[in-house]
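J.: Chains Y and S are the protein sequences, given in the same order. Per this note's numbering: the first sequence = residues 1 to 114. Per this note's numbering: the second sequence = residues 1 to 112.
Warning: the hint list may mix true and false statements.
To be verified - Derived lysine-lysine pairs resembling DSSO-like cross-links, with alpha carbons at most 27 Å apart:
(1) S/K70 <-> Y/K101
(2) Y/K49 <-> Y/K69
(3) Y/K69 <-> Y/K58
(4) S/K57 <-> Y/K101
(5) Y/K68 <-> Y/K49
(6) Y/K58 <-> Y/K68
(7) Y/K49 <-> S/K57
(8) Y/K101 <-> Y/K68
(9) S/K70 <-> S/K11
Unchecked claim - Residues on chain Y that point at chain S, a partial pick, calculated with CB under 7 Å:
(10) S28
(11) Y32
(12) Q42
(13) G43
(14) F100
(15) F104
(16) A106
(17) G107
The set of hints was computed from the structure by calculation and includes no laboratory data. Quick caveat: nothing in here was measured; it's all calculated off a predicted structure. Even glycine gets a Cβ: it sits at the ideal position worked out from N, Cα and C.
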Amino acid sequence: AQSVTQLGSHVSVSEGALVLLRCNYSSSVPPYLFWYVQYPNQGLQLLLKYTTGATLVKGINGFEAEFKKSETSFHLTKPSAHMSDAAEYFCAVSDRAGGFKTIFGAGTRLFVKA
Amino acid sequence: DAGITQSPRYKITETGRQVTLMCHQTWSHSYMFWYRQDLGHGLRLIYYSAAADITDKGEVPDGYVVSRSKTENFPLTLESATRSQTSVYFCAGSGAPGDTQYFGPGTRLTVL
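Bound-form chain Y, shown alone:
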């Protein structure tokens, strides 16, 4: 069965510093992988996704993630944090074996310090 683990429920960085949010997944077949962002009192919105092809995926707002099959990871990065990046981030996985149901991680709240 699919599963997603996000390491760290809270991450704090200084403005201008590297953002790294960790996600590991479990899937018996090639997965679809997603990162969503949730701002306060809003629904989730897609940051980026990996389905097939290039393993480095670029998303909105300067974020990118790399699919590493050998490490079963899909970590999210951004070179330089901005105050507006403060939000909750969710990693998600779906695959054929799971009927393409999407499984979400527990979320990581990103704090950005001035």
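Position chain S against the provided structure of chain Y, taking the given hints into account.
T.: Structure of chain S alone, referenced to chain Y:
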């Protein structure tokens, strides 16, 4: 704008009452989903629908009922609300299984 609206945005009810949360889409998403979001649990799937009149259970369906008589509407009913159903509920739509989901703004439900 993926056109998912939810109503009401906030609801307070009492234990044992029936509550219906509405979800409407202006896009033609085939798939629609209901999730609940609780601290420490991320999003958990309650029910989903692949098309009008086709619905199926997700991870946490007990105590909930859904219907989808029209493609654009996917209401979620709590037949007899319990305190454990206090949560934020999100409706989402997708064009294909496993593809990007587009979320509504959520309904914050409090059961007293």
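J.: Next, verify each hint and record whether it holds.
T.: Structure-based check of all given hints:
1. S/K70 <-> Y/K101: OK: S/K70 and Y/K101 at ~22 Å, within 27 Å.
2. Y/K49 <-> Y/K69: holds (15 Å)
3. Y/K69 <-> Y/K58: The hint holds at about 17 Å.
4. S/K57 <-> Y/K101: Status holds; Cα separation ~11 Å.
5. Y/K68 <-> Y/K49: The given pair, whose Cα atoms are some 14 Å apart, holds under the 27 Å limit.
6. Y/K58 <-> Y/K68: Judged against 27 Å, a Cα distance of about 15 Å means the pair holds.
7. Y/K49 <-> S/K57: It holds: about 25 Å lies between the C-alpha atoms, which stays within 27 Å.
8. Y/K101 <-> Y/K68: holds (21 Å)
9. S/K70 <-> S/K11: holds (24 Å)
10. S28: violated (14 Å)
11. Y32: With Cβ-Cβ at 5 Å, under 7 Å, it holds.
12. Q42: holds (6 Å)
13. G43: holds (3 Å)
14. F100: holds (3 Å)
15. F104: holds (4 Å)
16. A106: For Y/A106, the interface hint holds, since the closest Cβ of chain S sits about 4 Å away, which is under 7 Å.
17. G107: The hint holds - Y/G107 has a Cβ within 7 Å of chain S, the shortest such distance being about 5 Å.
Figure legend: structure checked against the earlier numbered hints; the only hint not met is number 10.
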